[in-house]
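Colleague: Sequence:
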Amino acid sequence: MAFINYRAPYTIVILLVLLLLIRWYSVDRSTSLSFPNKYQRDPRPSPGYLQRTGAQELSNLEDIEPYPKCTHVLTLLPGGRWANTVMEYGSLYGVIKDHEGFRIKPVLNDEMKTNLTEVFPNLSIPSFSEMGCSDKDLPFVTTEQVKAGFLKEKWEHPILSLPKYWLRDKYFIPAIDDLKQNEFQFHPRLVQYVERGLQSAKEDFLKTRPGLDQVIFVGLHVRRTDYARYIKKHNGTAVTEHYFYKAMKMVRDKFGPSVVFVSATDDPKWTKSKFSKFPDVYFSSKMQMGKIDPVHFDFALLSHCNHSIYSYGTFGYMTSILAGGHVIAANSYTVDKFIALTYARSERGQNWTIIRDPTVKM
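Our numbering applies: residue 97 is where the sequence shown begins, and numbers increase by one.
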C-alpha cells in the first residue's frame with residue numbers, strides 16, 4: 097500500500113485546493129444574482145433610496161420580487177423648464193401607448209422623476225433607480241426612426257433614449273385623457289393651497305358685486321422674457337398687451353360679469369403695469385399660500401381654472417389642456433412651429449380659438 101508523503105510541498109498545495117473546491121460546492125448559491133447586461137444594477141435598494149422613501153431593507157435576497165431585466169427600455173433626455181418636462185412625460189407615455197403589444201418599458205431620468213412627483217405623486221413610469229437600470233452612455237433614437245417603426249423592430253441595444261426637448265403632439269394628444277385621469281393628478285397639499293387662493297379671490301371679487309354669488313375663473317398666462325428670442329428665431333413676433341385685451345373682451349362678452357382673471361407670468365413687472373387697472377384681474381403672487389415652489393403653484397393654479405387665455409409656450413399650453421374649457425391662444429409665429437395650432441386643429445380643439453394681436457402685422 098502506498099502512503100502519501102505529507103512533507104512534500106506540492107502535496108500540501110493539492111490538498112488545500114481540494115478543500116477549497118469542496119467548500120465552494122457545498123455553499124448554497126440559490127440567492128446569487130445575475131446581471132444580463134451592464135445596464136442592470138444591483139436590485140437591493142440603496143441607503144439613499146431607503147431614507148428618501150421610508151422603505152424597509154429586505155433581510156434576505158430571496159424576498160426580492162422577480163427583478164425586471166434592463167432590456168427593451170425606452171427613456172428620454174429631459175430639456176427645458178418645468179412645463180417642458182410635463183409634456184415630455186406625456187410624450188413618452190403616449191409613444192408607449194402607441195406601441196402597445198411590443199412590451200416596451202418606459203423609464204425616467206432620476207432627477208426628472210423626482211421633480212415631477214413633487215406635483216404629480218402618482219406617476220406610473222419608474223425612474224432608473226427604481227427600475228435598477230443605468231442611464232450611462234445611452235444611444236439615441238430619432239423622431240424619424242420612431243415614425244418609421246424602428247421601435248417595433250428588434251433592438252440591438254437594451255436601452256434607447258429619445259432626444260432632448262422631445263415634445264410630440266402626435267403621441268401626447270391621443271393620451272391626454274389617460275394622462276389627466278391617471279398620471280397628472282396634483283398633490284393634495286398643492287390642491288389645498290390653490291383652492292384657498294381661488295376662494296380668497298372669489299370672496300374679494302364678490303364684495304363689490306352684490307348681485308353675484310358665483311365666479312368663473314379664467315387663467316391668464318403671460319409668457320415673455322427669454323421666449324421673445326425664441327419667437328424671433330422662428331420668424332415670429334411677440335404679442336403686445338393688446339392681444340390680451342382683445343382676448344379678455346371676448347371672454348367677458350361670452351361669460352358676462354362673473355369672470356375673474358387669474359394671472360401668472362414670468363415677467364411680473366410688465367404684467368402688473370398692464371393689468372393692474374382691471375378690477376377683475378388677480379395676480380398669482382398675491383394668491384399663493386404656504387411654502388411652495390411658485391412655479392408649481394402657478395402651474396396648478398392655472399390648471400384649476402375654468403377657462404384659459406395664454407400667449408405661447410409650453411407652460412400655458414399644458415395648463416390650458418389640464419384646465420379644459422374654452423381656450424384662447426395667440427397666433428404669433430409660423431404655423432409649423434406653433435403647437436397650439438396643432439391642438440386647435442385636432443378633434444380635441446373644438447373649444448380652442450386662435451387670434452392675432454390687432455397691433456402686430458403678420
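To be clear, the hints were calculated from the coordinates, so they are not data collected in a lab. Don't take every hint at face value.
Below 25 Å or equal to it, Euclidean Cα-Cα: the simulated DSS-like pairs (lysine-lysine) are [as the list claims (entries may be wrong)]:
no. : residue 1 : residue 2
1   : Lys-260   : Lys-193
2   : Lys-329   : Lys-193
3   : Lys-342   : Lys-373
Colleague: So, for every hint listed, does it hold in this structure?
Modeller: These are the hints, each one checked on the structure:
no., hint, verdict
1, Lys-260 - Lys-193, "holds, 20 Å"
2, Lys-329 - Lys-193, "violated, 33 Å"
3, Lys-342 - Lys-373, "holds, 15 Å"
Going down the numbered hints, you'll see the structure goes against just number 2.
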